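Sequences and hints are given; from them, build the entire structure.
Residue numbers (numbering that gives the first Met the number 0), protein chains in the order written: chain A, 0 to 135; chain B, 0 to 407.
Incorrect hints may have been included.
[As the list claims (entries may be wrong)] If you anchor each label on the Cβ, the simulated ranges turn out as follows:
(1) B/371 x A/41: 16 to 22 Å
(2) B/157 x A/46: 54 to 60 Å
(3) A/31 x B/18: 31 to 37 Å
None of these hints come from the bench; they were simulated from the model.
Keep in mind it's a predicted model, so treat the numbers as computed, not measured.
Glycine is no exception: its CB is placed at the ideal position from the N, C-alpha and C atoms.
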Amino acid sequence: MTIKEVEQEIVDEFSIFTEWMDKYEYLIELGKSLPIIGENAKQEGNLIKGCQSRVWLNAQISEGKLFFTADSDAIITKGIISLLVRVYSGRTPKEILESDIKFIEKIGLQDNLSPTRANGLLSMIRQIKYYAAAYS
Amino acid sequence: MGKISSVSEIRKHFPALEQQVNGKRLVYLDNGATAHKPHSVIDLINQMNSRTNGNIHRAVHELSAQTTALYEAARRDIQKYLNAAHPEEIIFTSGTTASINLVAYSFASKFLNRGDSILITEAEHHSNIVPWQMVCDMRGAELKVLPVDDSGNWILESLDKLLDNSVKLVAVSQISNVLGIINPIEAVITKAHSLGIPVLIDGAQGVVHTKVDLQKLDCDFYAFSGHKLYGPTGIGVLYGKKELLESMPPWMGGGDMVESVTLKKTTYAALPLKFEAGTPNFIGAAALGEAIRFMNQIDLAAVSIYEKEIVTFLIEELTKIEGVKIFGVSDKKIPLFSITAEGAYPSDIAMIMDKLGIALRSGFMCAEPLMQRFGAESMLRASFGMYNTMEEAQIFVEGLKRALKMLR
Chain A
0 MTIKEVEQEI VDEFSIFTEW MDKYEYLIEL GKSLPIIGEN AKQEGNLIKG
50 CQSRVWLNAQ ISEGKLFFTA DSDAIITKGI ISLLVRVYSG RTPKEILESD
100 IKFIEKIGLQ DNLSPTRANG LLSMIRQIKY YAAAYS
Chain B
0 MGKISSVSEI RKHFPALEQQ VNGKRLVYLD NGATAHKPHS VIDLINQMNS
50 RTNGNIHRAV HELSAQTTAL YEAARRDIQK YLNAAHPEEI IFTSGTTASI
100 NLVAYSFASK FLNRGDSILI TEAEHHSNIV PWQMVCDMRG AELKVLPVDD
150 SGNWILESLD KLLDNSVKLV AVSQISNVLG IINPIEAVIT KAHSLGIPVL
200 IDGAQGVVHT KVDLQKLDCD FYAFSGHKLY GPTGIGVLYG KKELLESMPP
250 WMGGGDMVES VTLKKTTYAA LPLKFEAGTP NFIGAAALGE AIRFMNQIDL
300 AAVSIYEKEI VTFLIEELTK IEGVKIFGVS DKKIPLFSIT AEGAYPSDIA
350 MIMDKLGIAL RSGFMCAEPL MQRFGAESML RASFGMYNTM EEAQIFVEGL
400 KRALKMLR
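Pasting the structure below:
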């Protein structure tokens, strides 16, 4: 599947929720099931600091594709992170650099991308692109 | 006319409280960050923006005369409300941060030298830490810190050791924006004055929840913001004792702060204009005056009793919830509660409660050193204003329980 197709899949999944609480319940569930980043990878170099919550992002390249693991203090943030990992992990640097993801806005979570929200998500997306640029 | 004493009457003056947020009735509990404004303040802002707009102190035309009158009336009403001795001791700034920076730069450039120090506490907002760090760095001075105990109260016993003749200024908050404890500033002022050391009080939260009498308090500087006191944003006050302000050099240069200017030499205007360079936020100042007049109509003693009931209720209910920890324990507490909850992260709780219409704050609360003191990455804060009801306190507790159930 392309990045666009995975995005559409996520948008479809969220379309069944009419209540915010249900959306959050789902993100919490996703957050809880995201494979925890290894403690050894949860180091200063992988830390993206925001004043609301911290995000850790670890990237590895294998056979020309980037694989991401990540974590956050905040479980809803972690739920959104798990969606980003699902979209970006296992992609080539070229795919990542050419992508312009829209699903976060489409599922109504754009507030989380505001620079002032400072939960690390915006920086995380930027960091994913930096990794892609570094390996391309 | 009797004063307004009931919370239901107070609420009627605040249009923002009537709105729905995320399809729910708004329960606004972020008053420690900023408060809503009453009709009278909003009306004056609108009236000035739409009609009475002329730059103050400069022109002879009628509109300028009217705005100047409103600006100076605000200064006098603020002076009376705080019981300052002279109107010129009230300097308009853009807010608490600007007030503290003004003192930091002006006072330090004259009175702070290598080897001197400034004393703050561990429970300060960043705006009462960073300006002092900056001027200490500039002047080769040291920043000393009075610690707090595990309940968040100042450890006054440390004061004797910290206050030596190197200390040139003490700068402390009346009420911490995280702990909500009314600090024993009187004891610190007395002690500092016995050694001839001036004291600045950060009154950003204090002016909202206590009746301040500056002559009785006898502090040397007092800083606060308009927008937390039901006034507009972008306006605040620095109070300073006249003799002290007169001895300090101006901080910013520009129009309105001068007596005469030649390209060789400028002489400065007298107080308060010496510290009000450039066109001030005169509409904001006039509207802050209106907010003060609104405060004058409120029975603050009745509000204080009601606030205590909310504090008692919240302490009781929050301690019942498993894993919830309250920071700032004292019998002198305002209804401002910073908490952590085991197994749930503050920003997650705040996000869920936002969708229930409840506005809270989460994060460092601009007090990172205090967070470190308590080993917390982040906290959740509910801060009440005089228009918040007991019913809203109950909604907060129920919402918190619901959020915790989802997250744990």
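Hints, one by one, checked against the model:
1. B/371 x A/41: 16 to 22 Å: holds (19 Å)
2. B/157 x A/46: 54 to 60 Å: violated (34 Å)
3. A/31 x B/18: 31 to 37 Å: Holds: the Cβ-Cβ distance is about 34 Å, inside 31 to 37 Å.
The structure fails hint 2 only (numbered hints given earlier).
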